[in-house]
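Given the structure of chain F, go ahead and fit chain V onto it with the hints provided.
Line by line, the protein sequences give chains F and V. Sequential numbering of the first sequence, starting at 0, is according to numbering that gives the first Met the number 0. Sequential numbering of the second sequence, starting at 0, is according to numbering that gives the first Met the number 0.
All clues stand as given, with none of them false.
Some chain V residues flagged as far from chain F (calculated, every beta-carbon gap over 12 Å):
no., residue
1, ARG76
2, MET167
3, GLU267
4, SER275
5, ALA276
6, PRO301
7, LEU310
8, SER334
9, PHE343
10, ARG369
11, GLY399
12, PRO410
List time: in silico EDC-like cross-link candidates among lysine to aspartate or glutamate, alpha-carbon distance up to 16 Å:
no., chain 1, residue 1, chain 2, residue 2
13, F, LYS274, V, ASP93
14, V, LYS66, V, GLU231
15, V, LYS204, V, ASP148
16, V, LYS136, V, GLU180
17, V, LYS237, V, ASP60
18, V, LYS16, F, ASP278
19, F, LYS274, V, GLU96
20, V, LYS137, F, GLU33
21, F, LYS48, V, ASP157
22, V, LYS66, V, GLU100
23, V, LYS9, V, ASP93
24, V, LYS136, F, GLU33
25, V, LYS9, V, GLU64
26, F, LYS48, V, GLU118
27, F, LYS44, V, ASP157
28, V, LYS66, V, GLU182
29, F, LYS274, F, ASP24
30, F, LYS44, V, GLU118
31, V, LYS288, V, ASP396
32, V, LYS204, V, GLU151
33, V, LYS200, V, GLU188
34, V, LYS154, V, ASP144
35, V, LYS350, V, GLU309
36, V, LYS350, V, ASP313
37, V, LYS9, V, GLU96
38, V, LYS3, V, GLU64
39, V, LYS16, V, ASP93
For the record, the hints were derived by calculation from the structure and aren't laboratory data. Just so you know, these numbers come straight off a predicted model, no measurement behind them. Glycine included, each C-beta is placed from N, C-alpha and C at the ideal position.
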Amino acid sequence: MAEHNVNSASQVVTISPSKGWLGIDLRELWHYRELIYFLTWRDIKVRYKQATLGVAWAILQPVVTTAITSIVFGYLLKVDTGNLPYPVFTLAALLPWHLFQLSLQKSSVSLVGNANLLTKIYFPRIIIPLSSVLAVLVDFAISLILLFVVMLIFKLPLTWNILWLIPLTLLAILTALAVGFWLSTLNVQYRDIQQMVPFLLQVWMYATPIVYPITIIPEGTIRYLYSLNPMVGVVQGFRWALFDDSPPDMTLLVSAVAVMILLISGLFFFRRMEKTFADVV
Amino acid sequence: MDNKTSILVKGISKRYKIGAAQERQDTLRDLIVSQARNLGRFFSGKRGLSDKYEHIWALRDVSFEVKRGQALGIIGRNGAGKSTLLKILSRVTDPTEGYGELRGRVGSLLEVGTGFHPELTGRENIFLNGAILGMHKKEIEARFDEIVDFSEVEKFIDTPVKRYSSGMYLRLAFAVAAHLEPEILVVDEVLAVGDADFQRKCLGKMGDVASSGRTVLFVSHNMSAIQRLTEESLVLDKGRVLMRAPSGEAVDFYLNRGLTKLGERFWEEDEVPANSAPFRPLAIRIVDKNEQVSDSVRSVDPIRIEIDYELTEDVTGLRVGYYLFTTHGEPVFTSFDTDAEDMFREYTARKAGVYTSRCMIPADTLNEGRFVLGINASSYGIRRYFQDDQALSFSVDASGAPGTHWPESRPGAVRPSLQWTIEERGRA
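Pulled out of the complex, with its shape left as it was, chain F reads as follows (with noise of 0.2 Å):
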């Protein structure tokens, strides 16, 4: 888009073409606060609108997952969990997992699922991915009762540590925001980017310590190099915010900084790209 100045005062919208890399407005970004909480209110409420179960599917589906990893991993596989009971092992993992999950598949979709908007009015474009994000963060919210419960079953303490979830999930968050910039962008002009989503989200799944406990990788380079997923990072810092499992070491600032950089330049090429998306989408 051109360099729009919403001026309060006098108002002054300027048109012209755009050129070179633009960043983030977030004054303009609070100018239309109202807009993402509507689009976000929105997601939720057509998410569960016709769903007899309506937020329920929100437990159910960690639960069900759970129970699937726990009986092919924990009691078939009998991956080594230390001290934890699988169950709470990897329901502590996915959790933060089903958010970025969902948050990925539903930002990178976002732009090509709104196209009338982006083709019939004007505003920051950033709003669709990151409203797409928001709406997941209340499924979030309702599944993260369901771990309090689980815990409180299995008769495991809570601790103060448990405030670094809020900085944790804003992690996860911000990685999916990060790749989802890049693949809601591509996605507008490849469609086969929302092919490729579930596969991308199969491989990643793997490579985050979900089903398996991180001291399974090699320590030194090869676990730097694996912390280089912001996930591992996230997944193990669940982990031990939760039941102090090992702390999180150099791995969560090497992820802080992967997502950093990965956040910044997606950004940027949303930036880039978003004044096309409404002759291309």
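The following block gives chain V in isolation, referenced to the frame of chain F:
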């Protein structure tokens, strides 16, 4: 830009790639294939990268200015660049060149009901759509009752809009849009929807907006709406501004230039929608007293209208006819070839073949001025095969008609020669 100016546009151009039609790159595979091909060309010394795409200029060097509180109409044929211009001014897409400035809060209605979600209720969609159009939650709440009132869907406000009839849907959508209160309103053809009653209501509302001191840019194919709502209009053709004039003049110019080919109009095969089969229009023409095809006829002479068409199958219940409009879009009359009862009996079933339906408009029927013929072919109550509301236009010259010894223009679309008697009832 002085402070009375509301919209300033300088040298706006927009270029689209169209070569993509021959070599689409909508999937990665296509991209990979075409890149490989380019690489091949590169090595074989044939550099063909730049001629891969053809470009078209949807807009070329468009400049204009709109004063605060002025309503400007934009007219032109399909593909003239009207919608592209509005898209650029609405910031949906960027210009390739040029510069523009809009002073004040801009509300743009490129369609009504943008972002409506079928699963959400009327109430929910009002809020969603309002937010998409740039209204704040508080504004929507404040005007909520008004919006519902205007839409006339009160009873169904908590029903998902997927259960609405299309009329209800449009009314609700327009109601939200109508209660947007921007300083600059950009509107594209949104009045072309809904039934006649609702259209009138929408036009009224638009009139209010235009007269309340807001700046309005208005694109429409409805020439009478353009003339009612705007003082001045731009005529666009092939992406360029042909003229800017008071709307009456601009409309005349547009109709005279755009539609006529000397009293005859042919339809090429690709101009006819596929779903009009088995009816295919071939031509429509105006023939004067001297058997000449002409776009300028005299009021005092009879006029013949001929419609050539082909039926690719036998058709029952067919009627072929025309609407006659003034250039302001007001209907004058409608007539079909099987209106007369004996014609109906004889021709209601027609075999496949090529036909011409001829109609005589008797002398002393039309007043001077410009008229537009619309064509319609349908089977009553079954289906409409083909309709073109602006098939052809022609002008009528009134010289010699009743009353022309007074050099004045007579209002009205018809100028019949009527019998008068004058009786002296006594002496003063």
